[in-house]
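Asks: We have chain D already, so just place chain S on it with the hints.
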Amino acid sequence: MKNPEQAIDQVLAGLGKVEASPGMKRRILANLEESALVSAKGAPRRVWQMVWLGMTVASILIAVAVVHQPGKTSTKVPRHEVVSTPPSANGPGTRVQQASHLPVEKILPARGARPAQTVRRISAGDAALLAEMRAPSHPAPEVPLTQEEKLLLRAVRTGDPQVIAMLNPEERARQEAASEAEFQEFVEQSNKEDQQSDQTTD
Amino acid sequence: MASIAGGGLNLIPTESAQPEIDLAVLVKSYSRLLFRVAHSVLRSRTEAEDVVQDTFLRVVELRRSLNAIRDMRVWLVRIAWNLALDRRRRLRPEQIDESFAESLVAAGMPADEMICEAQRMTAVLREMERLPKAERHVLLLSAVEELGTAAMAEVLGRSESAVRALLFRARIRLRERLEERGGER
Chain D
1 MKNPEQAIDQ
11 VLAGLGKVEA
21 SPGMKRRILA
31 NLEESALVSA
41 KGAPRRVWQM
51 VWLGMTVASI
61 LIAVAVVHQP
71 GKTSTKVPRH
81 EVVSTPPSAN
91 GPGTRVQQAS
101 HLPVEKILPA
111 RGARPAQTVR
121 RISAGDAALL
131 AEMRAPSHPA
141 PEVPLTQEEK
151 LLLRAVRTGD
161 PQVIAMLNPE
171 ERARQEAASE
181 AEFQEFVEQS
191 NKEDQQSDQT
201 TD
Chain S
1 MASIAGGGLN
11 LIPTESAQPE
21 IDLAVLVKSY
31 SRLLFRVAHS
41 VLRSRTEAED
51 VVQDTFLRVV
61 ELRRSLNAIR
71 DMRVWLVRIA
81 WNLALDRRRR
91 LRPEQIDESF
101 AESLVAAGMP
111 ADEMICEAQR
121 MTAVLREMER
131 LPKAERHVLL
141 LSAVEELGTA
151 AMAEVLGRSE
161 SAVRALLFRA
171 RIRLRERLEE
181 RGGER
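Quick mapping for you: the protein sequence lines, in order, are chains D and S. The numbering used here applies: residue 1 is where the first sequence begins, and numbers increase by one. The numbering used here applies: residue 1 is where the second sequence begins, and numbers increase by one.
So that you can see chain D by itself, here it is in the shape it has in the complex:
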């Protein structure tokens, strides 16, 4: 290349004298103002996000603290008090002792877990409820009649002998047969009388 030094200077001069397109400063300022407005609008949202995050964390911590209260944790019950029986016909999981014989705190196996190793602790109240829930069902005992039902019975049972007799199926059948025979006799008699009157007129 001829005169490379001159070519280098020409390129460097061209790089050093280049001018930006008109309006670049105005465009940059407009874009910066727009981005500043966007960030200003996004700031309250970020604050609310932080508030929600803090509340969530606080509620989780409170829940963990409640679950791990000192009174509920460290009582280890002897093995014979741990109720864990194989599934029976009465219920899906565990046969529970009577609530009156239960200790204050009782250990039951968690559902789906191995009975003797991983157990779930329940309170006496919950154990009584469980016992009632899992007890075999019986028919309900008879309930005494209400005053309205007694009045209704008294109105139905008037003590009329004929009505009482009609309640007996044999007596009712006999009476119906008698009335039927009486009706037939009446019909036959009326037919005879009609025939006699016809003969006399002829």
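Worth flagging that the hints you see were computed from the coordinates, not collected in a lab. Here the structure is a predicted model, which means the values were calculated and not measured. Wrong hints could be hidden among the right ones.
[What the hints assert, rightly or not] Within a straight-line C-alpha distance of at most 27 Å, the following computed DSSO-like cross-link-like pairs (lysine-lysine) qualify:
| # | chain 1 | residue 1 | chain 2 | residue 2 |
| --- | --- | --- | --- | --- |
| 1 | D | Lys25 | S | Lys28 |
| 2 | S | Lys133 | D | Lys17 |
| 3 | D | Lys17 | S | Lys28 |
Replies: Chain S alone, transformed into the frame defined by chain D:
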């Protein structure tokens, strides 16, 4: 915090003992310099303008540390320089250099001479890209008239003497390579 007051963007540092920094003043003062710095690397007006805008956006993002900045001019140039280098890696330099080389050629020349001159400029730009990284960076920054040796040294993180030496070596190497290239033709 960035605020728009009186038509300008004010950057208030967190430790508000220092006065507000008007972003509009920064843009008006330094956008031309930053544009040339970015353009020396990218050789494209639109890309360089994007770099200038990204530089000021970075200023808004880093407003909390504005108090610790000793020299705002050098700090801005360094941001623009690094952003331009990052952007350069994503570009195809051949096409950009050809169009920039054509813009360097005088308009009143005959067409055949214009083509030859444009090819000469393109060859210079390509040889510049083949220089070692440190030499290339010094040579490109030296093209920006507003930057002296001290400012170049601060931007590149080198001593002034190292910058001078790198600039000298860059020009020698570039000239030799261009002469070799002319001898091969």
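Asks: Work down the list of hints and note, for each, if the structure agrees.
Replies: Hint check results:
Between Lys25/D and Lys28/S the CA atoms are separated by roughly 7 Å; this keeps the pair inside 27 Å, and the hint holds. Proposed proximity of Lys133/S and Lys17/D is supported: the alpha carbons are some 23 Å apart, at most 27 Å. About 18 Å separates the Cα atoms of Lys17/D and Lys28/S, which keeps this hinted pair within 27 Å; it holds.
Consistency note: the structure conflicts with none of the earlier hints.
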